Structures are given as C-alpha cells and as structure tokens.
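The lines below spell out each chain.
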Amino acid sequence: MPVLWLVIAILALSAIGYVMGRSRALSSAGGDTRALHSLPSYYGANVGLTILAPAFGVLIVWLLVQPFFIDRSIASQLPDRAVSADTTMDLVMSDVRRVAEGLDVAVSEGAMTAQEARSIRTEFTDVRQRLGEVGVALGSNVSAEVLSAAQRYRSMSRIGNLLMAMAVLGAAIAGFGISLSRTHSEFRARNVVEAGVRLILIGAACIAILTTLGIILSLVFNTIEFFRLYPARDFFFSLTWSPSFGGGSELGIIPLLWGTLYISFIALAVAVPIGLFAAIYLSEYASPRVRSFAKPLLEILAGIPTIVYGLFALLTVGPLLVSVFGDEGVGWMQSGTAVMTAGLVMGVMLIPFVSSLSDDIINAVPQSLRDGSYALGATQSETIRQVILPAALPGIVGAILLAASRAIGETMIVVLGAGAAARLSMNPFDAMTTVTAKIVSQLTGDADFASPEVLVAFALGMTLFIITLGLNVIALAIVRKYREQYE
Amino acid sequence: MYDLPQTDSHVIHEDLKVRARDVQVYYGATHAIKDVSVDIADKTVTAFIGPSGCGKSTFLRCINRMNDTIDVARIEGDILLDGEDIYDPAVDPVQLRARVGMVFQKPNPFPKSIYDNVAYGPKIHGMAKTKSDLDDIVERALRRGAIWEEVKDRLLEPGTGLSGGQQQRLCIARAVATEPEVLLMDEPCSALDPIATAQVEELIDELRQNYSVVIVTHSMQQAARVSQKTAFFHLGNLVEYGDTGQIFTNPQDPRTESYITGRIG
Ligand SMILES: Nc1ncnc2c1ncn2[C@@H]1O[C@H](COP(=O)(O)OP(=O)(O)OP(=O)(O)O)[C@@H](O)[C@H]1O
Ligand SMILES: [Mg+2]
Numbered sequence: 001m002p003v004l005w006l007v008i009a010i011l012a013l014s015a016i017g018y019v020m021g022r023s024r025a026l027s028s029a030g031g032d033t034r035a036l037h038s039l040p041s042y043y044g045a046n047v048g049l050t051i052l053a054p055a056f057g058v059l060i061v062w063l064l065v066q067p068f069f070i071d072r073s074i075a076s077q078l079p080d081r082a083v084s085a086d087t088t089m090d091l092v093m094s095d096v097r098r099v100a101e102g103l104d105v106a107v108s109e110g111a112m113t114a115q116e117a118r119s120i121r122t123e124f125t126d127v128r129q130r131l132g133e134v135g136v137a138l139g140s141n142v143s144a145e146v147l148s149a150a151q152r153y154r155s156m157s158r159i160g161n162l163l164m165a166m167a168v169l170g171a172a173i174a175g176f177g178i179s180l181s182r183t184h185s186e187f188r189a190r191n192v193v194e195a196g197v198r199l200i201l202i203g204a205a206c207i208a209i210l211t212t213l214g215i216i217l218s219l220v221f222n223t224i225e226f227f228r229l230y231p232a233r234d235f236f237f238s239l240t241w242s243p244s245f246g247g248g249s250e251l252g253i254i255p256l257l258w259g260t261l262y263i264s265f266i267a268l269a270v271a272v273p274i275g276l277f278a279a280i281y282l283s284e285y286a287s288p289r290v291r292s293f294a295k296p297l298l299e300i301l302a303g304i305p306t307i308v309y310g311l312f313a314l315l316t317v318g319p320l321l322v323s324v325f326g327d328e329g330v331g332w333m334q335s336g337t338a339v340m341t342a343g344l345v346m347g348v349m350l351i352p353f354v355s356s357l358s359d360d361i362i363n364a365v366p367q368s369l370r371d372g373s374y375a376l377g378a379t380q381s382e383t384i385r386q387v388i389l390p391a392a393l394p395g396i397v398g399a400i401l402l403a404a405s406r407a408i409g410e411t412m413i414v415v416l417g418a419g420a421a422a423r424l425s426m427n428p429f430d431a432m433t434t435v436t437a438k439i440v441s442q443l444t445g446d447a448d449f450a451s452p453e454v455l456v457a458f459a460l461g462m463t464l465f466i467i468t469l470g471l472n473v474i475a476l477a478i479v480r481k482y483r484e485q486y487e
Numbered sequence: 001m002y003d004l005p006q007t008d009s010h011v012i013h014e015d016l017k018v019r020a021r022d023v024q025v026y027y028g029a030t031h032a033i034k035d036v037s038v039d040i041a042d043k044t045v046t047a048f049i050g051p052s053g054c055g056k057s058t059f060l061r062c063i064n065r066m067n068d069t070i071d072v073a074r075i076e077g078d079i080l081l082d083g084e085d086i087y088d089p090a091v092d093p094v095q096l097r098a099r100v101g102m103v104f105q106k107p108n109p110f111p112k113s114i115y116d117n118v119a120y121g122p123k124i125h126g127m128a129k130t131k132s133d134l135d136d137i138v139e140r141a142l143r144r145g146a147i148w149e150e151v152k153d154r155l156l157e158p159g160t161g162l163s164g165g166q167q168q169r170l171c172i173a174r175a176v177a178t179e180p181e182v183l184l185m186d187e188p189c190s191a192l193d194p195i196a197t198a199q200v201e202e203l204i205d206e207l208r209q210n211y212s213v214v215i216v217t218h219s220m221q222q223a224a225r226v227s228q229k230t231a232f233f234h235l236g237n238l239v240e241y242g243d244t245g246q247i248f249t250n251p252q253d254p255r256t257e258s259y260i261t262g263r264i265g
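Protein chains in written order, with our numbering: chain D, 1 to 487; chain E, 1 to 265.
Keep in mind the hints are simulated off the structure, nothing from the lab. Please read these numbers as outputs of a predicted model, since none were measured by experiment. Errors might be hidden in some of the hints.
Derived pair list, reagent style DSBU-like, types lysine-lysine, alpha-carbon separation capped at 30 Å [claimed, not checked]:
hint, chain 1, residue 1, chain 2, residue 2
1, D, Lys-481, E, Lys-152
2, D, Lys-481, E, Lys-112
3, E, Lys-106, E, Lys-123
4, E, Lys-112, E, Lys-131
5, E, Lys-129, E, Lys-152
6, E, Lys-106, E, Lys-34
7, D, Lys-481, E, Lys-123
8, E, Lys-34, E, Lys-129
9, E, Lys-112, E, Lys-152
10, E, Lys-123, E, Lys-152
11, D, Lys-481, E, Lys-106
The whole structure should be built from the sequences, with the hints applied where relevant.
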C-alpha cells in the first residue's frame, strides 16, 4: 500500500523536523530559553506542522483528483464500438476498473507476472478464467477493448502514484527546508503555530460541513431524478403504497407518513410523561446519593443499540401484547408486530433522552427561584408546578421536539416491531410501517438505480430530512431562547 | 469572657414573638452560628448588623427554616414562634413560612407576570375568594412595596423585565401580600436608590404597626433609622443585643464599638 508508506514517511519526517527545529532554535539562542521569542517546543511544532500540512494537503487533493483524471482520459480513448447499444459508458468504465483491479490482484498473488499482465491479449488468453482463478469474478467475458483499456488504466495509475509520491515528499521536504531555515531566536514561532492550529481546526470544521452538504446534494439530485420519473402529485397525495419492480407501482408517501407519525406519537406519549416525571424526581426530590446512581443507570438505557430494543419488541413486547389484545384476549390484534409494539418500545428508548435533557434544564433553573417560592409558604409540588416547570417549559419543549425527531428517524425498532405493511388504519394494534423502514426495503436487494422504485428512497429520505430538520431548528431555537433568560 | 453569651441581658419580657435559645448552626464542619439566644419582640423592627460572613443571613434563615433546603446545614437549639417550637417534628415548615415571610438579599422574581408574582402567595393560601379580591390584594401589596405607580399599567408584563431595584420592591410586595406575622428582610435595600430605600424604610415602619420585622443591613444609618432593637453579630456569635439607641450611643462590648465606628470591617 504505497499511500500508507507515504503517510508514515511524512509523519517520520515531521517528527525529525520537530526535534531538529527545537534544537536549532535552542542553539541559535546559545542554549538559553529566555533569549528565545517562544518556548523551544513551539519552534519544533512549527517545523513539524510546516512539513505535515502541505504534504497532506497535496496527498488528499491528489487522491481525489487522480481517479477522475484517469477515468476521463481512458473513457475518451475508448473506441465507440466498446460501448454497444445495451450498455452505457458508466458500465463499461466500471468493467475496466474491475479488470484492472483483477490484474493487480493476480500480479500481487503471483498468478501472473507484471510483464504478462501488461501484455496479455484476449485472443490468446481467457482473461475471465485467469482472473477467476485468483478470486476475481467477472460478470461477462472480457472484450479486447476493455482489456487494453484496463491495461492503460493500470499504467496510468502507476505513473500517477509515482508522481504523487514525488509531489508529496517534495512538499514535505520543501516545508522542512523553509521552516528550518527560518528558525532562529527572533522568529515568532508561537504566533505561527497559533495560526497553524487555527487552520487545522478550520479544516476540520470545513470537512464536517462539506460532508453534510455532499449528503444533502446527493439526496437532492436523486430526488429530482425520482420526480422526473414519477409525478410528485402522486407521491405526496396518493393513499397507496404498493411498489412493484415490474412497473405500475403506486408510491404514495401518505400511508408511510401516517405510520411514522402514529408510532412516534405513541412513543412520545410513553416517553414524555415518564421521562419528565423521572427528571423531576431526580432533580427535585432524590437525595444526592440516589441521584448519583439513578442518573447514570437511566443513561445506560440511552446506550443500548436500537437493534436490541427491536429484538425486545419482537420477542417480548409483541407476544405479551398479543396474549392480552390478540384473539385469545380482546381480539383486536392479529400478530405481535403492530404500531403499539413498536411505539411502546420506542417510548422506552426515548425515556432517558427526555429525562436527561429535562433534568439538565430543570437543574438550570436558579435555586433562588425555589427559595423565593418556599419562603412564601409553597409546598414542593406547588413550587415545581407553578415556578420551576413554567420556568423550564421552553427548554422541556425543546427536549421533547428533539426526542420527536429521533422517534421519526428510528428504523430498527420499526422493522422488527411494527411489520412491513403500509397501511392507513386507526387501530394501533394493526401492523404498519414507516418511512425509514421502507427506505431500507427499497434499497436492499438488487437495486437498479434508474427505476423509480429505488429512487423513491431518496425522495422519502428527503421528506424525512426536511421534517426532522424543521423539528430540530424549532427545538434549538426554543432551547436557545430559554437559555437567554438566565444569562 | 466573650465566649459566654450574656444570655440574661438578651432576654426581654415584653410581647415576645420569636424566642431563640442556644442556637447552633453547622454547615458540614463549619460552625456558622454559635450559641445564639435572642428574643424578638412583636410590633418591633429588629436590625441584625455585623461584618460580612458573620452569620446574619444564616441566623435569619433559621427563623423560617429556609436552612432546611440546604443539605449540609444542621441546626441545634430551640426557636419558638409564639411559644411554639418551630423545629418540632410536628410543625410543617410550609405552614411556618406562610407566617414568617422573607425577602432575599438578591431579587428573585418568578418568570411570571408582575401580577402573578404578587398573586402567587395569596393564591396558594386561598386568601382571595374572587378575582376582584385578588386584584385588591395585589394592588395593596404593590402599593406597600412602593412600586404600584411604576407598574400599574404593565401588570401583565414579566417581572423579570423590571430593573434590579424594581425587582427587589416587587419581591417585597410579593412577601407582604401573604400578610406574614414576621417579615425577615435580608439586606432589602442593597440594590435600591435612595428614594426607593426611603420608601422601603417607610414601608418597614408601617409594617411595624402590625408585625414584627427583622432586617439585616450593612448600613448603620439604616439600622439607626428604622429599628428599635439592634443585634450585633461577630464571627457567628451574638455579641450584643439591645435597644438601638443604646447600641449606637453606648455600646457595652468593645467589638461592637469598633464595628460601629468603622474599625472592624
Ligand atoms: N450554603 C452554605 N454552605 C456552606 N457554608 C455556608 C453556606 N451559607 C453560608 N455559609 C457560611 O456560613 C458563614 C455565615 O454566612 P452568612 O451568609 O450567614 O453571612 P452573612 O453575615 O449573611 O454575610 P453577608 O453580610 O456577606 O451577607 C460564612 O462563613 C459562610 O461561608
Ligand atoms: Mg447575608
């Protein structure tokens, strides 16, 4: 793995740079740290950073750009007849890449010499079989054009990697030289390091923001693509959800949204009162000793993976509900998977979420308000009801909205607990499904990313994203407004 | 000689309201109040003076059991209100606090409207039968708190939106609205301008007609102006207690004298 070696080389170089920069600064001051502008470690850090930053910058940019560049030039050299009527350029290019990878594997496993890999011809060798022997399965026979394109691909990649290594090492060495030559007692290494640290932090923030932006853009483009194939009116207003990959599917979001909202509603109806009361108990009544073990205990619930809750719904809560509300009991429930099952379990999942947020918010209400109320002869519950909760209410509403957006985005509990039937029904003991569960089922299996049945997943995701984004924005605005009150 | 409280001289035999005997307060290991015995008369203003940290607020909070809300606080000794031990397990601190009101050192209006701030206590204790009763109670309390003129047109605005001095007067109005028998005031004027201070002092004087008022203050002039009795605290001890005039003109204890003349900070 040449990139790994490159990274190790850069790190080693910058470690050497650190030591050299430090000692050079010290010797330029005659060993007296007081004569230096900055502490010696800053000079070292300056050299180290000046090696790291440009080298990694070049490396990252190169890694991003090279594949694009190679793809473009190979694609432009492909003869027209390589792309026959029943395929597209994309498919052919992915074949090319796959064959190139296969040749790499074959060479590295010793099944082929490098020379052989460069020169084999489809006329003389069954490439598909040769690659199959080393574990690279190809979907079809390799045409001559694809094979020669793959060979060109390999040689271009090799040259590219070589150039990259040279460029990266060059950048590192240049940084080394420049920063070391600037190191002397007058140099303001401390300020330079400060600026460098800021740049690194800005870089991290940019990566986070850009990734989010990228995700949103891919959602948006695929959603637009979907609406080109399927009318938006039907998507938003049709009351049926019945995808069929043969065509003629009805992809109405309403039954899914209904399931989502119904389950979330039940979950919140469970989580909000219990979570809130737990928070009030913990923050107002519990002694410090009880609090110190009850709070972490409650927060452990928040650390349980949702798939475990899903199992709990499937294996425990569902059968339990059936035994009461099923045919042997009241007769409302057909099977264990139902809105109620998923809603109850999701409610349990949200309890620690609501309670720990509310607990923080109730604790933020100043003690002086409690004192003021007690001093007027109010009891503890009067104080809580009439002074503390009103004061904390905006924050608690914010916490509930955040919990709601988690409930809406929850998937595993629904898949296991609520069933897969998209249904518009008022009965909470019916099986229903949600937007998230359907996104999963539309994308699993052999997905053809050109059909509306698959692309609908993006439209569903986009809708969900907008709903939860709206909820989060409102929640954060409320929480922030509340914070201002006491600051 | 200083460590022995001169218990007898602190005891008066007029209309007694609050009678404290050998009160000790500990905050964990800190001994904040040491052997304090004091008698607080009805229809009198009693001033607590003393250097910062000497335990004035702590002792004041003993009288309405506000120290119960502090986990580390521990109280020993007896405090009697109208002859009844307020630390008796049978006594409900909630009932007690309705009879012994308190105004805090820092204003702490509830995040409610000005009206609701004042109506809070009367509502809890069912003091008003009708809405107009309640309106009357609120208006009277706000007038006594010397803030009615400033807020009468904005009763429904939040109390937290008032200035610091206005908030403090709102808190005084809130405390008098429940008609307590004893009103404890912890430096009520530290955030007020001279005019509002004068108004509050007038209120204190008026309250004296019916109630017993205990006021903590750092202002000697204020203590001299409003109080009939003065107690001087020093390092958790009650050093001297007597008629205000006598404490300020003819203190018995050298510590009192140096504090009043400005030599102990
Ligand atoms: N909640 C508490 N926990 C621990 N110690 C406390 C607490 N409140 C007060 N103390 C201690 O008790 C002593 C008396 O404090 P107190 O607040 O009664 O003083 P004070 O006379 O009111 O002072 P000031 O004039 O500054 O208000 C101080 O030493 C203080 O540190
Ligand atoms: Mg105090």
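Self-check item: Hint consistency between D:Lys-481 and E:Lys-152 [alpha-carbon to alpha-carbon, up to 30 Å]
Solution: holds, 28 Å
Practice problem: Below or equal to 30 Å on CA atoms is what counts here, so check E:Lys-129 against E:Lys-152. | Solution: holds, 22 Å
Quiz prompt | Hint consistency between E:Lys-112 and E:Lys-131 [alpha-carbon to alpha-carbon, up to 30 Å] | solution = holds, 18 Å
Exercise. Take a quick look at whether E:Lys-106 and E:Lys-34 sit within 30 Å of each other, Cα to Cα.
Key: holds, 26 Å
Quiz item: Is E:Lys-34 within 30 Å of E:Lys-129, Cα to Cα?
Solution: violated, 45 Å
Self-check item: E:Lys-112 paired with E:Lys-152 [C-alpha distance capped at 30 Å]
Solution: holds, 16 Å
Practice problem: Compare the distance between the alpha carbons of D:Lys-481 and E:Lys-106 with 30 Å, and conclude whether the hinted pair is satisfied. | Solution: holds, 24 Å
Self-check item: Given hint E:Lys-112 paired with D:Lys-481 - CA-CA distance at most 30 Å
Solution: holds, 16 Å
Exercise. Take the C-alpha atoms of D:Lys-481 and E:Lys-123, compute the straight-line distance between them, and say whether it is at most 30 Å.
Key: holds, 29 Å
Quiz item: Straight-line Cα separation of E:Lys-106 and E:Lys-123 no greater than 30 Å?
Solution: holds, 24 Å
Practice problem: Sort out whether E:Lys-152 lies within 30 Å of E:Lys-123, counting only the CA atoms. | Solution: holds, 20 Å
Hint 8 from the list above is the single one not met by this structure.
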